[in-house]
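Asker: Residues per chain, in single letters:
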Amino acid sequence: MRDFDYAAPTSVAEAVKLLQDHNGSARPMAGGTDLIDQVRVGRISPDLVVDIKKIAELNVLQIGSDGLHVGAAVPCYRLYHDAMIKDLYSALTDSASIIGGIQIQSRASIGGNLCNSGPAADSTPSLIALGAVAVIAGPQGNREVAVEDFCTGPGKNVLGRGEFLVELKFPARSANSGSAYQRFIPRNEMDIAVVGVGAAVQLDASGKNFVSARIALGAVAAKPLFAAEAGKLLAGQPVSVETIQKAAEAARAIATPIDDMRGTVEFRKHVTGVLVMRVVQQAVERALKTKSGNAP
Amino acid sequence: MAKKRIVSANINGKQTEFLCEPRQTLLEVLRDTLDMTGTKEGCSNGNCGACTVRLDGRPVVSCLVLAVEADGADVETIEGVAPGGDLHPLQQAFLNNAALQCGICTPGFIMQSKCLLEENPNPSEHDIRFYLAGNLCRCTGYDKIVRAVQEAAGCCGKS
Ligand SMILES: Cc1cc2nc3c(=O)[nH]c(=O)nc-3n(C[C@H](O)[C@H](O)[C@H](O)COP(=O)(O)OP(=O)(O)OC[C@H]3O[C@@H](n4cnc5c(N)ncnc54)[C@H](O)[C@@H]3O)c2cc1C
Ligand code: FES
Ligand code: FES
Numbered sequence: 028m029r030d031f032d033y034a035a036p037t038s039v040a041e042a043v044k045l046l047q048d049h050n051g052s053a054r055p056m057a058g059g060t061d062l063i064d065q066v067r068v069g070r071i072s073p074d075l076v077v078d079i080k081k082i083a084e085l086n087v088l089q090i091g092s093d094g095l096h097v098g099a100a101v102p103c104y105r106l107y108h109d110a111m112i113k114d115l116y117s118a119l120t121d122s123a124s125i126i127g128g129i130q131i132q133s134r135a136s137i138g139g140n141l142c143n144s145g146p147a148a149d150s151t152p153s154l155i156a157l158g159a160v161a162v163i164a165g166p167q168g169n170r171e172v173a174v175e176d177f178c179t180g181p182g183k184n185v186l187g188r189g190e191f192l193v194e195l196k197f198p199a200r201s202a203n204s205g206s207a208y209q210r211f212i213p214r215n216e217m218d219i220a221v222v223g224v225g226a227a228v229q230l231d232a233s234g235k236n237f238v239s240a241r242i243a244l245g246a247v248a249a250k251p252l253f254a255a256e257a258g259k260l261l262a263g264q265p266v267s268v269e270t271i272q273k274a275a276e277a278a279r280a281i282a283t284p285i286d287d288m289r290g291t292v293e294f295r296k297h298v299t300g301v302l303v304m305r306v307v308q309q310a311v312e313r314a315l316k317t318k319s320g321n322a323p
Numbered sequence: 133m134a135k136k137r138i139v140s141a142n143i144n145g146k147q148t149e150f151l152c153e154p155r156q157t158l159l160e161v162l163r164d165t166l167d168m169t170g171t172k173e174g175c176s177n178g179n180c181g182a183c184t185v186r187l188d189g190r191p192v193v194s195c196l197v198l199a200v201e202a203d204g205a206d207v208e209t210i211e212g213v214a215p216g217g218d219l220h221p222l223q224q225a226f227l228n229n230a231a232l233q234c235g236i237c238t239p240g241f242i243m244q245s246k247c248l249l250e251e252n253p254n255p256s257e258h259d260i261r262f263y264l265a266g267n268l269c270r271c272t273g274y275d276k277i278v279r280a281v282q283e284a285a286g287c288c289g290k291s
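Chain order of the listed sequences is A and B.
Just add 27 to the spot in the first sequence (first one is 1) and you have my numbering.
Just add 132 to the spot in the second sequence (first one is 1) and you have my numbering.
Since the hints were derived computationally from the structure, they do not count as laboratory data.
Ideal Cβ placement from N, Cα and C applies to all residues, glycine included.
There is no bait here: all hints are sound.
Calculated cross-link-like contacts (lysine-lysine; reagent style DSBU-like; alpha-carbon spacing at most 30 Å):
| no. | chain 1 | residue 1 | chain 2 | residue 2 |
| --- | --- | --- | --- | --- |
| 1 | A | Lys259 | A | Lys318 |
| 2 | B | Lys135 | A | Lys80 |
| 3 | A | Lys316 | A | Lys273 |
| 4 | B | Lys146 | B | Lys135 |
| 5 | A | Lys196 | A | Lys259 |
| 6 | A | Lys318 | A | Lys113 |
| 7 | A | Lys273 | A | Lys113 |
| 8 | A | Lys80 | A | Lys44 |
| 9 | B | Lys146 | A | Lys80 |
| 10 | A | Lys183 | A | Lys250 |
| 11 | A | Lys44 | B | Lys136 |
| 12 | A | Lys44 | A | Lys81 |
| 13 | A | Lys235 | A | Lys318 |
| 14 | A | Lys259 | A | Lys296 |
| 15 | A | Lys81 | B | Lys136 |
| 16 | A | Lys259 | A | Lys183 |
| 17 | A | Lys196 | A | Lys318 |
| 18 | A | Lys81 | B | Lys135 |
| 19 | A | Lys81 | B | Lys146 |
| 20 | A | Lys259 | A | Lys113 |
| 21 | A | Lys80 | A | Lys196 |
| 22 | A | Lys196 | A | Lys183 |
| 23 | A | Lys80 | B | Lys136 |
| 24 | A | Lys44 | B | Lys135 |
Computed list of chain A residues with no C-beta within reach of chain B, every gap over 10 Å:
| no. | residue |
| --- | --- |
| 25 | Gly165 |
| 26 | Lys183 |
| 27 | Ala202 |
| 28 | Ala255 |
All chains, please: the whole structure from these sequences, using the hints.
Answerer: Written out as structure tokens, the structure reads:
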């Protein structure tokens, strides 16, 4: 492997300084499950790897009336072992449980999944559906960016020099809300999504109508997509196959996938529609079982 | 070249110090520096599970861990599974069930199965296949491995 130096700062300020001082040749590392192989095959060539796992803020996992805070280095297994997250932020549990196998999940973080900014990243659609906000630290202090605005292209995102992700903040969930993530892959596990869909819905007290919905798509464009229109089509509508179908069509309309060995454009668009149907229905089923949330 | 680091880790219950470059993986150091060649290298990119070890109690692929990250950590490798040379129940079950042919994948499967059984002493066949999905075997077709783990189940759960 190419030569590089290693630092493991214990504070956000120290990490910002290290990243800034190295003029773009330093790279943050959380679980290393993307980064180490990328260095090995020569896709990236950092002079300094900044291990951010030893910073306390990056290991926070806190759920309360102000929502959910997930430190950027929290590995997947901590997320899917948390019963409250499973109940209230189910899409996140779905995503964390399918990123790689058990060994990968011991190390891989959701923060790394987002910052790697792959179009098929399995957690990003869930983050967007759940309305997560990225808290970014940098030389000018902290700033916040909605996750749907975070990725800008394959492997690209809004992070500037000296900046790194500190945590993901999720708004509190109410009663009668539910969420889900599913991906289509030819195997049962350990594969890259052909299409991935995340959805979060809020139903009214009767459980018969949508109050609001957020839908996001993975692997069908150069970056994960927020299907805002599709979600709006559900707001105020009755929970029925017909209304969900309309949302699925709207989602399919914004998909601009590529042809590759995993699927053709036509196939991916079709699967997008099918998965949106299934995922919204699953989110509805979960919403019907959610009698109380963490919202005050 | 980046300065070498002194790393101190508890490996299989023994406090161990080694010198490594930041770019060296834990797999590389275990095999090439510490002569612990029980841990195997298959793909070196996280896909095959042959290099599975335990790091602070969690199964990880050691080809995607930097050796410097092991500083202060607990590491358990296949060499620690049969202290004194008495086979672990999982190892015996792999033999009983002919759950290996070339054997390259076996240390990884044993480590991963051991973690499974400590977490879940009575796994279903589905649980076993799911937990072992990150371990590849080109020889056995997996059935015999699953049967071996089923036979060993109950033997090595934390009591
Ligand atoms: C065998 C295998 C299977 C996989 N399966 C899947 C899968 O099914 N689905 C999927 O989506 N992914 C999969 N992955 C990819 C990878 O595991 C995930 O993307 C993982 O979530 C990355 O997290 P990490 O903590 O390991 O990131 P790292 O490798 O540490 O970092 C990834 C990238 O993000 C940057 N970065 C990390 N943290 C920060 C931060 N806080 N601020 C700024 N930049 C940061 C790094 O510089 C690097 O560029 C797989 C990988 C392997 C090896
Ligand atoms: S050698 Fe590490 S997973 Fe294959
Ligand atoms: S026994 Fe040969 S790879 Fe598994």
